[in-house]
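The chain contents come next:
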Amino acid sequence: MRLDKLPAAQAERYATLECPDFATTPWAAGPPLARRRVAIVSSAGLVVRGERPFRGREADYRVIPGATPPDQLLCSHISINFDRTGFQEDWNVIFPLDRLRELAAEGTIGSGAATHYSFMGATDPREMEGAARQVAARLKQDDVDAVLLPPV
Amino acid sequence: MSALGHYLEEEGIPTVAIALVRPQAERTRPPRALWVPFELGRPFGPPSDTAFQKQVVLAALRLLEAKAGGPVLLVDFPEDDPREAPDPRWRPPIEGKRAGEPLADGLIAEVTALVASYARSRAERGRTTVGLSGLTPAAAAEYAAAWLRSAPPESPVADLSPILCLRFAVDDLKAYALEAAITSSTKPSSRQLGDWLWNESSTGAAIHALRRQLVDSADDRAKLIATMFLVPALRQTPGG
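First to last, the protein sequences are chains E and G.
Position one of the first sequence corresponds to residue 285 (the working numbering), numbered consecutively onward.
Position one of the second sequence corresponds to residue 275 (the working numbering), numbered consecutively onward.
If you are wondering where the hints come from, they were derived from the structure by calculation, not from laboratory data.
Possibly wrong hints are sitting among the right ones.
Residues from chain E that face chain G, not an exhaustive set, calculated with beta carbons under 10 Å [what the hints assert, rightly or not]:
{"id": "1", "residue": "R333"}
{"id": "2", "residue": "G334"}
{"id": "3", "residue": "Q356"}
{"id": "4", "residue": "Q372"}
{"id": "5", "residue": "V428"}
Think of the CB as a built atom: it goes at the ideal place given N, C-alpha and C, for glycine as much as any other residue.
All chains, please: the whole structure from these sequences, using the hints.
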């Protein structure tokens, strides 16, 4: 987002949103992209239709099987101050599963994960730490060695 | 979500974040992030543009192979979203606001009038994002209309309080109307679609009215939902 295109007060609000401080930055290495198994961990409050939508600033996560059809994915992020028409037209705007499938089919990445995940991005990230580490364990069980983290 | 990158990476899993708000990524310092200039809600850019989206996904994933630059690598994606430009060929699914009708009746009439446009659009896209409330669009309209007409009605959904059901019903009504306005033959900007919904449609007029009605509610929960979760902040002023 280009903050200079927004009204000044709103740009200031986004630029100064509270973020957690991390003392160090970890750095994990992996094989070339063509051998990586890639998962999406979104913070768009995505839920598979029929599952309980996020209702507030909840710190848990939802599971999105890699075989989920586009018609089954809903966005229950509580903020209404971001565009939803892009996602309404094409789910890849938020959740690029079709692009991952294409990249895997052409050999640019090794494979797409069996399971992807979604958090509710308006929650304080520090409250998500426990759930994030659970997701990490599940990703490792799925041999995932690359995670794409899209916001919304 | 840059912060999640820290936790996953600490567990040994390489990550790359997409950053929409660059100053947040600068402060959170995830191991790798690709800043994109697109509007909020579009981390991979324009809808229905496979080639562009693939460039964004690949630009992000390529950062996983970067040897230098770590432990913090923040790179800017160079191109803007071509869908930010309006499409002069786009037309609203129905023309004109239903002036003179009570807002509750106007909402119900518009949901009925949009049935064919919504069905066409849904068939074109093979999907819909309506469904958070569990109500059909017609039932969601009836429920929102009941709020406009009188005291809070009973929730029609067992697991949802009346006000939470209203929030999800409004989410679904917005999605229904906006999806009815999306066509495969035009490329409207989000601004065009939003201008129609909030400034022209009966659905938008009814949601504005619900907000005005509930924003001074004595019920804190209703007041919060009216203030934060019905009408986007930038649409709360006339012509916004």
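Next item on the list: Would you list, in rising numerical order, the hints stated earlier that this structure does not obey?
Entry: none
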